[in-house]
Structures are given as structure tokens and as C-alpha cells.
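Number of protein chains: 2
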Amino acid sequence: MYTAPVSEMQFLLNEVLLNNNDVTEIVPTLLEAANRLARDKLAPLNKSGDEQGVSITHDGVVSTPDGFKEAYQEFVNGGWGSLQFDPKYGGQGLPFVLAASIQEMWHAANMSWGICPLLTQGTVEAVSYGATERLKNIYLPKLVSGVWTGTMNLTEPGAGSDVGAIKTKAWQEGGHYLIKGQKIFITWGDHDMAENIAHLVLARLPNAPDGVKGISLFLVPKMLTDSKGELGQKNDCRAISLEKKIGLHGSPTCVMSYGDNSGAIGYLVGEENKGLECMFAMMNNARLTVGLQGVSVADRACQQAVSYCNERIQGVAIGFSEPGPIIRHADVKRMLTLMQVLTDGARSLAYYACAEVDQSKAIITPTKAGLHKRRVGLLTPLVKCWCTEIAQEVVNLGIQCHGGAGYIEETGVGQLFRDARILPIYEGTNGIQAMDFIFRKVVSDEACALNELIQEMNLTCTSGTTFLTKMQIESYGQAVKVLEDTASLILNNKSNKKLLGGIAFDFLMMTSVIATAWRLIESAAAASKSEINGTYLKEFVHTRLSNAGAFIDTVLPRHLAHHSIIQHLLNGSLD
Amino acid sequence: MYTAPVSEMQFLLNEVLLNNNDVTEIVPTLLEAANRLARDKLAPLNKSGDEQGVSITHDGVVSTPDGFKEAYQEFVNGGWGSLQFDPKYGGQGLPFVLAASIQEMWHAANMSWGICPLLTQGTVEAVSYGATERLKNIYLPKLVSGVWTGTMNLTEPGAGSDVGAIKTKAWQEGGHYLIKGQKIFITWGDHDMAENIAHLVLARLPNAPDGVKGISLFLVPKMLTDSKGELGQKNDCRAISLEKKIGLHGSPTCVMSYGDNSGAIGYLVGEENKGLECMFAMMNNARLTVGLQGVSVADRACQQAVSYCNERIQGVAIGFSEPGPIIRHADVKRMLTLMQVLTDGARSLAYYACAEVDQSKAIITPTKAGLHKRRVGLLTPLVKCWCTEIAQEVVNLGIQCHGGAGYIEETGVGQLFRDARILPIYEGTNGIQAMDFIFRKVVSDEACALNELIQEMNLTCTSGTTFLTKMQIESYGQAVKVLEDTASLILNNKSNKKLLGGIAFDFLMMTSVIATAWRLIESAAAASKSEINGTYLKEFVHTRLSNAGAFIDTVLPRHLAHHSIIQHLLNGSLD
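Protein chains in written order, with the numbering used here: chain S, 11 to 585; chain V, 11 to 585.
Note that these hints are calculated values from the structure, not bench results.
Positions of the beta carbon are idealized from the N, C-alpha and C atoms, including for glycine.
Zero decoy hints are in this set.
One side of the interface only, derived from the structure: several residues of chain S facing chain V at Cβ under 7 Å:
#  : residue
1  : Phe-195
2  : Glu-253
3  : Lys-254
4  : Gly-329
5  : Ala-340
6  : Gly-424
7  : Thr-439
8  : Asp-563
9  : Leu-570
10 : His-578
Please take these sequences and the hints and turn them into a complete structure.
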């Protein structure tokens, strides 16, 4: 079972990231209420959803696992979909980072289910960014509340990571557009949890330029509506089949067909041929949320492993004379600690990036807003890649902690392992994130944003801390120096794009592990202050303090391997 | 589909490891014949076996997937089970390393199927080691030929890694023993591929000492036999259920019940209360074979990824002007190269350890035999742990290379991912391997075997090579030095067992990555000699040469992270 790490969330929000006192006051109540829905309603449906899976009828009607629909209704009734959105359309205007922490709960409790509101969130963002007022007025209230859901339709059989290759056609007719084409891997493309679905579909208009510069974005509703949002007849689009996936069996991944008859009616979002701009408006936050999904599944794996290792009696550990719980064994303890610091570290990084999104939108000077925007851009590939990579590692360790029982589906860790495997792939593979990072976020930027970050990292723990050893402080300082040196080495080699492409992944992982160490030190620093106020349990505060050191001891050393690989590959090119 | 890397196998056997000219002559023919069975018969059953799975009737009769039985009959008819065994019992007396290379094929083609002969091999070894002549004469000919199969019965619900906790009872009655108890996780515990199954069962005799010193080993046949091996009536044992596992759906994992009625008839193997000695006689080689399974599944993942990345057209790579196969993209190439060097490196290490098994048994001086025995003991946890860990990484990368398609079961890489996950768990979890390594193989041995190995590593490439750059040679030399220093650091801390338990896994991984670099350099050295003889294709030889350098560039740097972790943890203990 799952219960949200409410203290940890509250701590990060209230003691580390949020400055708004109005909000911090409601954080504990809000987190606890969300925890009740996640723990009591969503988590119990996770395994049954995996076992039952989704199904489709011949005419494209998709059924979700038992209980999903009712849980979704509770979600809508509770207003959980509208937290961070504009009050103008029924949103609650709360910080994104607060919504993000609550989303962590949904995905940890039931990732298959959680992806549905995740996509709706993206749809709200794209529509808010690019749609006409008329369209916004019809769709946003329904999407913000979650009464309707949304999807993203990019991929086609010949167009995956290369979005520019899409072939779906659109043409103007009457007061709208008609769409014709097939899309694949459409998450929650059809289902029975909501009365309507707003599909965001990338397509090409007649005579559009080739490649990414000729792609437009359309909102294609499953059910047509009148101007007041009253549902009319079914649009010319449907799910034609479901993929059989490694995991996420409770989430329908559809092949969608648009315009089997005369063409599916769609409405332009953004300008003609500038659809990718709108899509990226939603995709950036979606990438952060996918990183959060990594945190979610890692956290659930931690909880399950800790619980198992405390219960399972096996063998006499070193320093004991009787058989006891396996958590006593040194290597089991190593695995659990590693899982915990990877998860807590990933959460610190992901929440920080989400808080920067809020900062970038706050009413501040343009200079400050620019800084936060650059920071978000820089951190987005880190969060997407690092948090989803460590999720693989943590669920893997979670299985390992269970021994033979870990390989049996009944135990449940196998589902986490299967579900988590999508994370490094969707919303831009982690390889794509690495390219985005090195070329767009570092080289094109002349490492401006990265150096701003490095400067801040250098300010951390220069004056010494009480919770790190001398060796840990030195290791952190050296790591930041290595990052700084590597950044200038990369700028010096910027003409050799092929070479940079080959080291990009290691560079992204190296930057991430150092940035995560920084966030954990900042958290520990906050914990060492807030300790006095008595809001948190002593043991909880102690773990915040020890996490930073444990991460520096056992995870930060990875930057040495990444750095050495980069050096070898750059050196090899000089031979 | 799968085709065995016959050239690579032949190269390692004939140019690197085997000194016996009689055998090297038949190697190419034998490998090609095995490849035909693996590629044409076993590999096509892999996916269908996964989809169909195994089933059990109410009275405990297990059915295997369509085609498994017929393929097994071909395996028996071809004499493939008997390669390395004693001619006295129908074996072919061939080197273990040759048999191992052929086993790699079975597991790559169809791991679910391949585990059945793997367990039979272990049964032959335990019976050969400890059974009476009478028992050997009845069972060995049938087990060596594979007409009967074998199982290992260690685990009980309360006794997994802690074998000493088993509760299954045995008592003497008539000319045999009776056994009563339940065993879990019994691989191929029942099936329809052979007419009889020899179960090796660990149990306790009345008044046996507690723990591991009171465990005896019994051979419990499924079908009782007369002294000539003619089958009689069914013994009092049966499979009562099958586990639903993450993968290996074609391999029945049984809960076995012994003695539901009056007791299952069994025959003592080895001495009373010394059953673990016999079990370990088989387990050591089984650990090497599980390492080989890691190589197998990694190799298959490589083949599939290379093939997909050569076919899948997506995006314009750096340095090109047209869309092309994704293998052109720098990060895809990085992943494929990493997969390849991890796999080739693991194979070099595993085959080397298997060849050392042959050396330890060859007629040589006791001093030399002792050296090879120590070497096998030292390398066994490396092979089991490293080769199964890299298997996780390689299958993971294999999925990643496929993008979204990798998450769809139809593609087939998902099965490799699910199947491979058992490898770090069974035959002693990798955590157990780490304890075995640091405490039994290094500390108790005063690092004698490890220092012998380090000495040999130091002799490699001291005189420079043509296939490594100066930086690569230096990196290798420094890594060996780090290993040497860490070994003495560990001996200096040998009284702090808890601490050593906490660094054991990193120490094992560090030793493995350095040892693998050594084996790849040795392979490259052999390739630089054999290049002239024209037996191998130029491109093949070139890859052998470049692998060593690529491994040093992109994998060996990991030892820096492991070393730094060890330093941090040892240092922390001094605070």
C-alpha cells in the first residue's frame, strides 16, 4: 500500500521553496486531503487495474478497469484537477509546485490512472497558450475541472522523435478545419471516465512548409459541442486499437484514427504552421511532470521495500546473534539507503524546478523573470532525465530487496518495474533530453544559464555546515568545479557537434547528480534551521540532515565516472 | 530473431582460451550445429512460449508451451546435454568452456527453455560429486543424456538466502529415506518434456544439528525406478502450484510438495548433514552459468537493437542532410556501443572463468591446480554479479534504442527485459555474491587470490599496445593500482565487518569492471596476432581491437565512482 510522504512534501514546500505565507498555511490540510484520495481510493486500484487492464470494442469504445471511473469522479468533485489554473476558468490559482507535489501522490498511488489528468493538464496549458477566446471559453472550464479530459497527438508510425515528419492532413472548410490521419501511442485516447475528450492533434495544412515549420495544432473534440459547451454528435474520430504494453496496463494507449469518413472537425490552436510552439508550451511542464512520475514510482518502491525488509526475517546479520529482519544486513541497508537518497534527491530537484516555473510567472522584474525562465529551461531536461533514470534504478533495487519474491507478480514490485519503464521514453526520450540540454540549453546559450546555476551552487556550503563532514564538503566543491570545467571544455569543442552528441547523455547525468547534491544540501540547511520550530518529528529532521551527506558519499561519486568518460571521448577525438 | 555470435565464440575459445588442438579443430563445426538448433528451433519458440506460458492441472501435471517438448527431444537426440560430462556415463568429455559457449546460445535463443538443461547440468554435478556408485549408475546416464531432467530444491517460505533455516524433514526407513516438506521457487519442478525428474532436495534428519551443519541432500525421483533405471510408480511428490512471474513465462516455477501421504522416497547424496557441500559443488558452476545467461540475454538485446536502429528511419543526424536510420544519431550510437562492449566484455570474463574451471581439473601440478581453483573461486561472484548486472543495463538500453516501440510487447525487447530481471536474484542474490567475494574470497584469503590476479593484470599491456591510446593504457594501469590499494585498505579494515558488508557490492563491481577491461585487452592482443591468419573477417578483428579501448573509455571509468564511494564510507567510519 501507499501513503504519501506528506511531511517531506510539506517540508520542501513550506521550508524550502514557497515564500507565500497565504499558501503555506493551507499546505498541510491540502496535502492530507490529497493523501486520503491517493492512499484510500487510487492506490487500492493500482494492482487490480494492472491485472484487469483496459479493453476496446469493435467500434472503438474503451473501457477502463473497475473503479477507475468512480475514483476519477471523486477527483473531479474534489477540484483536484484545477489547483494551479487560472481562476477565470474555474482554477484555484495555487502554485504549480503545490499542484506538482499532489500530482506526485496520484502517480505513486496509481500511475496508469494518473496519466489521464496529467494529459488534461497539458491540454489546458496548450489551449490557454494558443486558443481563441471563444475556444477557451468553451473548453477551459470543462478541462480545468476535469469534467472533460485531454490528449496529445504527435506520434505517427513514421514520426516519433522526429515530429517534423508527420503526415496527418488538415484543411479549412466552413468555420473550422477538417483533419485526416492516423496517430499512434495516444495515451488515454479513448475511455469511459469523462463525457468528452479534447484531442490536441498536430497536422499539416495544404502547402505547409516541410518539416517542423509546417505543423499546425488543432483541438479535435471527441464529441462536438455547441457554443455553450453542450454536447452534440460524435466527431469523425475514434480509437481503433490498444497497444499491449510492458506495463501501465490500466492506461489505454490508443491508435487513433481521424477522419475515416469526411474528416474530423478541428479548431486551430495558435497560428497556422506554428503548432509546435503551442505543443512545447505544454510539453515543457509535461516533462517536469514525467520527472515527477519518476519520483512517484521511486517513492512507492521505497515504501514497499522498507516495509518488506522490516518484516522479512532471514539470516543472522553481522553484529547480531539471532535471525532478524533483513534490513539489518549491510547490503540490504545499502540498497534501502541508496533508494531513499535517490528518491529524496530527485524530489528536491523536481520540486525546485517546479517552484522556478512559479517564480518565472510571478510579478517580478523582467531581469529576474528571465533568470527564472532560463533556470526552468535548463532544469527541465535534468528533471525529465535524471528523475526517470533513477526511477529505473530504484524500482530495480526495490525488486532486489525482495529477493525471489520480487520476481513474483503478486508482490507488486514487478508492476512498478514494468510501469516505470516508459518514463525514460515518453515526452521526449532521455536521449532527446540530452541533445536539448547540451545544444539548446548550454551551447546555444553560451552556458549562461548553467554558469548562473554554478554560481549559486558555489555559494552553497562555502561557509561550512554542521551536517556534512570535511570530506563531504570538499567532494561537493570539487564536483561543482568539475562541472564548471566541463562546461567550458564543451564550449571549446562546440564546433564538433557529433562529438558533443556522443557525450551529451553523460554530461546531462553528471550535471544532474551535482545539481541534486546541491538541492539536498539546501534542504539539509533548511532542516537545520527549522529543527527548532517543532513542526516536524525529530527523526524526520535527522533524515533530512543525513540525506545530503549520504548522497554525497554514495551517489555524487558518479560524476567522476561521467567526467572521465567525457574526457576520454574528447581526448580520443584529438588522436 | 537470434543467430549465435559464432565468430566471437570461436575466437575466444580457439585464439584466447583453449590450448587443446584436438578440440579447437571441432569448435567451428560444433558451434555451427548448435547455432542451427538455437536459431532455427529454440529462438522461434521464445515469444510464443512467453505468450502461451505454462499451466498446471489440479493433480499437479505441468504443461509447457507448444513446441518446447519437441525442441527438447532434438536437444537430447543431438547429445547437447552431455558435452562436458564424463564419458563413463555417456558424456563427451569436452571442455566446460566449450559447453558454456553453447549454453550461451540456448539461453539467448530461449532462456525459459534453457533453464531446464541448466538445472539438469547442476544435478549431474551434485550426483557425480556425492552419490553412491549404485545411484550414479542408475541416474547419471539418464541425466547426462538429458532423457531425465533435474531440479534444485533449496528454498522454503522461511528459508531463502538463509539456507540453514530449512524445515523439510527426512528420516531413514527401509533401504532409503522418506522426505516430507514444502519447497518453493522450484524451477522446472514438473513438466512434460522428460519421462522422469530427479529432484535434489535439502532436508533435515532427526536430531540433525541446527543451521547449515544439519542439512542433508537427497535425490528424490518423480518416478521411482528399479536398479536398471526402469520406471516404476509415481513417488509421493508433486507440484501444487505455479508462480506468476514478471518474466520467464515459459519456465514453470513450482511450489513442490514432498510426502503428502507417507513420505517421498529419497536417496542420500553425500554424507548425512553435509548436504550443502554437494549443493555447492553444483552451485558454483551454476553461478557461472547464470552469469552466462546474462551474456545471452544481453547479446540478444544487442542483436535486436542493432537491427532496429539500422532499419528505423527517423530524423536527420548531425553530419547528414537527409533523414536516415537512427543508428546515425550520436546518442543512439553511444547506446549501441555501450551495449556491445558491455556484452563482449561480460562474455570475455565469463568464458575466462569457465576455462579456469577446465584448467583446475586438468592434469597439472597441485600448485598450478590450486592457483586455478583459487582463481575460479575468486571469479565466480564476479561473473554471477557483473554479467547479470550488465544484462539489466543492456536490455534496458535495448528498449531505449527502440523508443516508444520498445514499450510495446510485440517488439519483443520487453520480454528480454522481463526475463533478465531474475538473473541478479537467483543462484544467490548479487548481494550474497558481494558478501561471498569480500569475506570468503578476499578477507579470509588475505587477498592472496586477488593479488595473484592483480599481478597478472599488471603484466598486461605494460609494454604498450597498438590498439590502445596512451590515455587508455594509463587509465587501465591506474585502475589496477586502485584495485590493489583498495584490497589492502580492505584488509586493514577487516575487523569492521559491518563496514565491509556495506562496501562489498561496490568493491565487487569495481573489481569486475577492471577485470573485464583486462580480459578485453587480452582479447584484443590475441586479435592483433590472429589478424594475419585470415580465419576471421577483417571487420570482426577490427571490432575485437576497438572494443578494449571503447570499454576503457566508456565503462572502466565507473571504477572511479565505486572507489570514491568506498573511500567516503571508510572515511565516514573514522569520523
